[in-house]
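Student: Chains as they are written, first to last, in my numbering: chain S, 1 to 117; chain Y, 1 to 407.
Where hints are given, some of them may not hold.
What the hints assert, rightly or not - So the derived label-pair ranges between C-beta atoms look like this: (1) S:Glu107 with Y:Asp308: 41 to 47 Å; (2) Y:Gly225 with S:Lys36: 51 to 57 Å; (3) Y:Ala174 with S:Thr54: 42 to 48 Å; (4) Y:Gly225 with S:Thr54: 56 to 62 Å; (5) S:His59 with Y:Arg76: 44 to 50 Å.
Just so you know, the hints here were simulated from the structure itself, not pulled from any lab data.
Heads up, the beta-carbon is just placed ideally off N, CA and C, and yes, glycines get one too.
Below, each chain spelled out in residue letters.
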Amino acid sequence: MTRYLLSVYQPDGPAPPSADLRRIMQDVEALNREMKAAGVWVFSGGLHQPGTATVLRPHDGGVLISDGPFAEGKEHIGGFTIITAPDLDAALDWGGRLAGATTLPIEVRPFQDAAGD
Amino acid sequence: MPALLASEIERVFREEYGRALAVLARVFGDIDIAEEAVQDAFTVAVQRWPSAGLPPSPAGWIITTARHRAIDRLRREASRADRHTQAVLLLAGSGPAEEAAVRDDRLRLIFTCCHPALAAGVQVALTLRLLGGLSTAEIARAFLVPEPTMAQRLVRAKGKIRDAKIPYQVPGEAELPGRLRAVLAVIYLIFNEGYTASSGGRLIREDLCTEAIRLGRLLAELMPGEPEVMGLLALMLLTESRRAARSTGDGDLVLLADQDRDRWDRGLIAEGQAIVRQCLQRGEPGPYQIQAAINAVHSDAPTASATDWRQILQLYNQLMSCAPSPVVALNRAVAVAEVQGPDAALTLVDGLDLGNYHLFHAIRADLLRRLGRTAEAAQAYDMAIARTGNAAERDLLRRNRQLLTGA
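Chain Y on its own, in the form it takes in the complex (with noise of 0.2 Å):
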């Protein structure tokens, strides 16, 4: 019998996570019974699995394991008159446990982590915690947040969610969508935090995307049918197939124009584009769907200077009728500029109220950089810097900046 590590055990833990904590919060109706449950378990797996090997199927193994460990800890605690511990028993003693409703415990469990009810922090750390199997640690730490502070705000949610009963089920037609949505920007935000990789540990904001994705994976298993869950997907796929290319080893940042073509991770690239191909027979566009094939532009491109920037427009133009911001405005912009000249793109920038946006200040300034407008741009470049919170970031409009009165 092959010698099992407490790594390797933990790994598989965190593997299992989700699935068996959603199993377990729908037998026992309680998630800090689930999460109990699955410690319980985790404790008896590291007594047993070194000796016994690891199970055939692990999950399966965990579910049942903690199961029983939490009934038995609830008959030992339980009073008699303690009415809601013996619902809980007699809930727990009767319902499936099987595989099969497994999936759809999941997305209930996703659907309950992302309730509106619950401010999109909470969601954003619940998600990780829940589902993700993180550590409150490890959440703390990749939200920059002392421990007992991210502690406490997930005592609380999971108070919330108990005490105002936040439903454990997947929304009905009519509220579908928008909880969706919801999910989706958790599942972006928590990718977003770990590929713009503010501050903290690097290792741990990797881990953040690497999250994201695997959310974003179970979530398109769950709801193939929903083209903006394949589109987020997709999304994620094509940026973080640059993700090696996007710094060099000094840990400067590299942008896209800049990068080296050959870095780029050739696997993830073919994934995001197989699955933007499939959103675009379904003919159903969406914000996500939209941000992925203008990422699957980019992707086709060998070199910077053959990006059909034509393309990449008119998808911005789509982008901005259905889903339109300042945001999306500014990076329709940098499109403009590579099709109707930086003229045209200056005027369209000006018009923007984002004052407070470094990217703004930082599009600004190059654009006037080529327009040979170059003290106009040190300004900008010099409001950028002022606004960016991000070092990297910073270093390289710093260097820009440098450029531009050296020469």
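Chain S on its own, in the form it takes in the complex (with noise of 0.2 Å):
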């Protein structure tokens, strides 16, 4: 078994109206919910603003602090989800799930280390 990141790719500014939000988050409990009971649900969870976050860098045998996010652009990860999976087509098929639930392109990858090692 592998474990797949599913990033959710959210483009800056403000939210959905709320009728919509509620909606989306409806479904990505929902998802969630099935995940778990899949048993391929390893973490998920959502993130706040880009603007929330801080860069550290190593510098001159210290760190450098300064604020965030660290990529320039439009989209920002708005949170993501950690699930094992036999191979690739069964990680896109939960995250096809999740970008019909969030609305919004998931990014797939998988982890080095396979999972229960």
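Please dock the two separately framed chains into a single complex, following the hints provided.
Tutor: Encoded structure:
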């Protein structure tokens, strides 16, 4: 089994209207419950706005602290889910459902260590 | 014992490459190990075959030899702590490698190579490398990229298959139609890349057509129940049948209407038409089958003027309803010009948003010429000439433009 990171890419700016947001939250919750029932769910969580991020860089033997986020851009990771799956097709299947629930693009990326190692 | 030439050994390996690689990739669960194993078997063959002769079943010999070599190599290199290698060895020692599994293995490998998680260009390169047995250098030359670039692309793709665990399996029923479309698109892309001959070594380009047809035949053998698989094979065979007539001895392009039909390959036409007839009987039309049928109608006509344009127009109408696109609409307009006249066709063409496509301007130019609007036709030819990257096509457009003003 491989662990996969499903990152949610969220456009910067105001959140969608509250009615839409409520439905999205419900759909994501329902999907999380389904993932847990299927035994694939490892962790998931939503993040605060990218403006709340802080970046640390190694510098002269110490660490330089600066205001984030790290990457400039119009989209940032808005949250993520970690699942275990036997192969990419299974991971893409869950990822596709997460895209449907969040209404946002999802990046699926494998972890290096196999699950259970 | 007949002496076996090195070139003959190479040909046999090229022929059997996909078969051997597919089995070994399943046995070892790793494409890199499979590739190295086939390479090792080739080294052994070069030493043994010249004196021992060709084995009765070259594919079986390659698979068995490669498998033994790979197991030896893995045992030598494996540390006891290396659990991955130990697991691979355990699998490779027990799994069946008999011929019966080969069909499924090649089909699995095709779907792995054409997985949507890989970029389209990468799917093409992987398919040519792993199923076609083309060398990285050959693929690089065919697609006009430096060899190290192509090598890097292939390494990255194989790394993604391994690390992201792109599965080695034929997709389930729900995904099959979409995934099969991707496989067909890859094969047709290879064919078209060979057919357009945009530039580069001519021979290599023709090799791509041959390779695409070989892959098409393989897929037809593996999935005979899929009408679009048969449709694509028929489309490629019928297009390929006109290759010899498509250019003059000097390499000048000759359009369909002006081709010497005696130079068409009757064998390929008969094969392609037979498949089209089978598809028609089955009654599950799709874009490749309809395009094949259009080509079959052209192949039926003893002269260009005897072409049954009404039937072609009907087929284009059908194509527009199942796979509409501006390019299909443009090709349909050509048929409309023959059935209803250039005026009706020009109205359709002018409504299309294809200003960057050279054939849009070339077809407009031809319609304007037929309507006697010479100045506008010349302008359209200029637009077409400026937008084509293919030397032979450009020359033809220049000749047509000259005829216009010379007349």
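Student: Evaluate the given range 56 to 62 Å for the C-beta pair formed by Gly225 (chain Y) and Thr54 (chain S).
Tutor: Because 59 Å falls inside the window, the suggested range holds.
Student: Between Ala174 (chain Y) and Thr54 (chain S), is the Cβ distance one that fits in 42 to 48 Å?
Tutor: holds (44 Å)
Student: Cβ-Cβ distance between His59 (chain S) and Arg76 (chain Y): within 44 to 50 Å?
Tutor: holds (46 Å)
Student: Looking only at beta-carbon atoms, does the pair Gly225 (chain Y), Lys36 (chain S) fall within the given range of 51 to 57 Å?
Tutor: Since Gly225 (chain Y) and Lys36 (chain S) have Cβ atoms about 40 Å apart, the given range 51 to 57 Å is violated.
Student: Is the hinted range of 41 to 47 Å satisfied by the C-beta distance from Glu107 (chain S) to Asp308 (chain Y)?
Tutor: With Cβ atoms ~52 Å apart, the hint is violated.
Going through the hint list in order, the structure does not satisfy hints 1, 2.
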